[in-house]
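Sequences listed follow chains A and R, in order.
Residue numbers for the first sequence, in this note's numbering: 1 to 120.
Residue numbers for the second sequence, in this note's numbering: 121 to 227.
Since the hints were made in silico from the structure, they are not lab data.
We put the beta carbon where it would ideally sit given N, CA and C, even for glycine.
Among the hints, erroneous ones may be present.
As the list claims (entries may be wrong) - Keeping only pairs whose Cα atoms sit at most 30 Å apart, straight-line, the calculated DSS-like set for lysine-lysine is: (1) A:65 with A:43; (2) R:227 with A:76; (3) R:223 with A:43; (4) R:227 with R:159; (5) R:159 with R:223; (6) A:65 with A:76; (7) A:65 with R:227.
Stated by the list, open to error - Beta-carbon label-pair distances, calculated as ranges: (8) A:54 with R:121: 38 to 48 Å; (9) A:73 with R:170: 44 to 54 Å; (10) R:214 with A:19: 21 to 31 Å; (11) A:67 with R:173: 18 to 28 Å; (12) A:26 with R:144: 46 to 56 Å.
Given next are the chains, with one letter for each unit.
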Amino acid sequence: EVQLLESGGGLVQPGGSLRLSCAASGFTIGSYAMSWVRQAPGKGLEWVSAISGNSDTTRIADSVKGRFTISRDSSKNTLYLQMNSLRADDTAVYYCAKDPNRWFLYLDSWGQGTLVTVSS
Amino acid sequence: EIVMTQSPATLSVSPGERATLSCRASQSVGSNLAWYQQKPGQAPRLLMYGVSTRATGIPASFSGSGSGTEFTLTISSLQSEDFAVYYCQQFHDWPYTFGQGTKLEIK
Numbered sequence: 001e002v003q004l005l006e007s008g009g010g011l012v013q014p015g016g017s018l019r020l021s022c023a024a025s026g027f028t029i030g031s032y033a034m035s036w037v038r039q040a041p042g043k044g045l046e047w048v049s050a051i052s053g054n055s056d057t058t059r060i061a062d063s064v065k066g067r068f069t070i071s072r073d074s075s076k077n078t079l080y081l082q083m084n085s086l087r088a089d090d091t092a093v094y095y096c097a098k099d100p101n102r103w104f105l106y107l108d109s110w111g112q113g114t115l116v117t118v119s120s
Numbered sequence: 121e122i123v124m125t126q127s128p129a130t131l132s133v134s135p136g137e138r139a140t141l142s143c144r145a146s147q148s149v150g151s152n153l154a155w156y157q158q159k160p161g162q163a164p165r166l167l168m169y170g171v172s173t174r175a176t177g178i179p180a181s182f183s184g185s186g187s188g189t190e191f192t193l194t195i196s197s198l199q200s201e202d203f204a205v206y207y208c209q210q211f212h213d214w215p216y217t218f219g220q221g222t223k224l225e226i227k
């Protein structure tokens, strides 16, 4: 069974940093594209970043470009999102999600999310 | 960026009736469209991909149609567990984008 478990969220001051982790089980993350999608309170979904199955291609939303970095550690079967220079409008639940193959398509499995709150 | 527009924002339907949700893309996305369902406090769940292919475990009461810029998700006979928010998503061109959602509520 595919499982994704996010961690690392919390309260951070504007300008601060956080690193989100997504521990995967039931599959090998190196064989699939993986993504981070966020949802601000009461709002819709925004695709933040994605990494291809062989890790040679990444995609990043303009809203976080230059501040967020996606990566993975295949030895730990874990996906990461490094978030720097955080702003109030980055406040959201961040979901880790899996694609059905090595390239970016749609998301067939999701974690339960981790809440990031940016506030002073 | 391809803008996805869903209508209506809220749809009130009685259990057992049919619900029809619409999604429009600002430019053609071919058949590169998916639908998700999200219930309060839960993560989204994949319903459909490639416009009309149901994801694993999704009942036949859900169907999708359309191509290019106009798409429809139909739920043929609403069950209590179907009342949720539904999102369409294009995977034709990065940045992949979602619609703003349609809330399906009990009438």
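Hints, one by one, checked against the model:
1. Distance check on the hinted pair: residue 65 of chain A and residue 43 of chain A sit about 21 Å apart at the alpha-carbon level, within 30 Å; holds.
2. Proposed proximity of residue 227 of chain R and residue 76 of chain A is contradicted: the alpha carbons are some 48 Å apart, above 30 Å.
3. A C-alpha spacing of about 12 Å is found between residue 223 of chain R and residue 43 of chain A, which places the hinted pair at or below 30 Å, so the restraint holds.
4. Straight-line distance between C-alpha atoms of residue 227 of chain R and residue 159 of chain R comes to about 17 Å, which keeps the hinted pair within the 30 Å bound.
5. Distance check on the hinted pair: residue 159 of chain R and residue 223 of chain R sit about 10 Å apart at the alpha-carbon level, within 30 Å; holds.
6. With a C-alpha separation of about 26 Å, the suggested pair residue 65 of chain A and residue 76 of chain A falls inside the 30 Å cut-off, and the hint holds.
7. Restraint check for residue 65 of chain A and residue 227 of chain R: the C-alpha separation of about 43 Å exceeds 30 Å, so the hint is violated.
8. The beta-carbon spacing between residue 54 of chain A and residue 121 of chain R, approximately 26 Å, falls outside the hinted interval of 38 to 48 Å.
9. For the pair residue 73 of chain A and residue 170 of chain R, the supplied restraint of 44 to 54 Å is violated, since their beta-carbon distance comes to about 31 Å.
10. A hinted range of 21 to 31 Å holds for the C-beta pair residue 214 of chain R and residue 19 of chain A, which are about 24 Å apart.
11. Restraint check, residue 67 of chain A to residue 173 of chain R: a C-beta distance of roughly 36 Å breaks the suggested window 18 to 28 Å.
12. About 36 Å separates the C-beta atoms of residue 26 of chain A and residue 144 of chain R, a value inconsistent with the hinted range of 46 to 56 Å.
Hint violations for this structure: numbers 2, 7, 8, 9, 11, 12, all remaining hints satisfied.
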